[in-house]
Amino acid sequence: DTEVTQTPKHLVMGMTNKKSLKCEQHMGHRAMYWYKQKAKKPPELMFVYSYEKLSINESVPSRFSPECPNSSLLNLHLHALQPEDSALYLCASSKLTSAKDEQYFGPGTRLTVT
Amino acid sequence: KQEVTQIPAALSVPEGENLVLNCSFTDSAIYNLQWFRQDPGKGLTSLLLIQSSQREQTSGRLNASLDKSSGRSTLYIAASQPGDSATYLCAVSARFGAGTRLTVKP
Chain A
1 DTEVTQTPKH
11 LVMGMTNKKS
21 LKCEQHMGHR
31 AMYWYKQKAK
41 KPPELMFVYS
51 YEKLSINESV
61 PSRFSPECPN
71 SSLLNLHLHA
81 LQPEDSALYL
91 CASSKLTSAK
101 DEQYFGPGTR
111 LTVT
Chain B
115 KQEVTQIPAA
125 LSVPEGENLV
135 LNCSFTDSAI
145 YNLQWFRQDP
155 GKGLTSLLLI
165 QSSQREQTSG
175 RLNASLDKSS
185 GRSTLYIAAS
195 QPGDSATYLC
205 AVSARFGAGT
215 RLTVKP
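Residue numbers (this note's numbering), protein chains in the order written: chain A, 1 to 114; chain B, 115 to 220.
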């Protein structure tokens with residue numbers, strides 16, 4: 001199983017809503033990543049979890065709150081978002097144990113903030 | 115912080131042509147470099163991963179090379195086809211270049 005799953009596929013939320021994005025992998029990977037991708041732009045790294053600990057936070061606003069409850073699951077909690085936060089949110093995972101540390105990506109959640 | 119640059123930003127070629135996409139990075143202390151393909155509105159498909167100890171990696175019509183000391187990688191696509199039309203992205207240390215948008219005309 002080399003799949004990273006993300007739910008929901010699409011999400012529309014108002015600026016006062018609280019919602020969460022979910023990412024799951026069962027490949028035994030120990031690193032998990034959140035990226036934000038705007039239209040016609042490359043993915044921008046937001047957060048990295050290594051061994052369930054937050055290891056990289058790319059100065060992301062506090063209205064985005066990541067959580068890694070266990071080695072297979074990664075959440076992104078959203079609160080008081082702005083319309084400019086509308087984007088494709090991608091999750092990825094990797095082994096983190098060797099140079100052959102290939103990233104596997106999920107299909108993404110397309111978020112629209114109204 | 116690793117910075118990744120890709121040139122050209124866009125490339126249009128006739129079907130059958132061989133082509134080269136370029137990727138450069140600022141910090142040569144890398145574990146690996148990964149090339150991806152992304153179709154419009156879709157997720158990322160991994161094409162090739164080159165470990166830092168390797169100089170090249172091949173998969174079908176694709177060949178990627180790595181020169182760690184100069185901070186460069188190239189993706190060579192042989193005998194291009196219209197189905198190769200997509201954006202090609204390279205990633206180093208989980209950070210992406212801006213991509214090359216490739217169009218292969220029939």
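Some hints could be false.
Straight-line distance between alpha carbons at most 25 Å, and here's what the computed SDA-like set of lysine to any residue pairs gives [as the list claims (entries may be wrong)]:
1. A:K19 with A:A87
2. B:K115 with A:M13
3. A:K22 with B:T159
4. A:K41 with B:K115
5. A:K53 with A:E24
6. A:K95 with B:R169
7. B:K156 with A:M13
8. A:K40 with B:L133
9. A:K22 with B:L133
10. B:K156 with A:K53
11. B:K156 with A:H77
12. A:K38 with B:D198
13. A:K95 with A:T114
14. A:K40 with B:K156
If you are wondering where the hints come from, they were derived from the structure by calculation, not from laboratory data.
Within 25 Å, alpha carbon to alpha carbon, are K40 of chain A and L133 of chain B?
The hint holds at about 22 Å.
So if I understand the rule, the pair passes when the alpha-carbon distance is 25 Å or less; does K41 of chain A with K115 of chain B pass?
This hinted pair holds, its Cα atoms lying about 19 Å apart.
Do the alpha carbons of K38 of chain A and D198 of chain B lie within 25 Å of each other, as the hint requires?
holds (22 Å)
Within a Cα-Cα threshold of 25 Å, do K19 of chain A and A87 of chain A meet the stated pairing?
OK: K19 of chain A and A87 of chain A at ~15 Å, within 25 Å.
Is the Cα-Cα distance between K156 of chain B and M13 of chain A 25 Å or less?
holds (21 Å)
For the pair supplied as a hint, K22 of chain A and T159 of chain B, confirm whether the alpha-carbon distance does not exceed 25 Å.
holds (20 Å)
Holds or violated: are the alpha carbons of K95 of chain A and R169 of chain B at most 25 Å from each other?
holds (22 Å)
Hint check: K115 of chain B vs M13 of chain A, CA-CA at most 25 Å. Holds or violated?
Violated: K115 of chain B and M13 of chain A sit about 33 Å apart, past 25 Å.
Measure nothing beyond the straight line between the CA atoms of K40 of chain A and K156 of chain B; if it is 25 Å or shorter, mark the hint as holding.
holds (11 Å)
Below or equal to 25 Å on CA atoms is what counts here, so check K156 of chain B against K53 of chain A.
Outside the cut-off at roughly 29 Å; violated.
Starting from K95 of chain A, check that the Cα of T114 of chain A is at most 25 Å away, please.
violated (37 Å)
For the pair supplied as a hint, K22 of chain A and L133 of chain B, is the alpha-carbon distance within the 25 Å limit?
It is violated: about 39 Å lies between the C-alpha atoms, which goes past 25 Å.
Checked against the numbered hints given earlier, this structure breaks hints 2, 9, 10 and 13; the rest are met.
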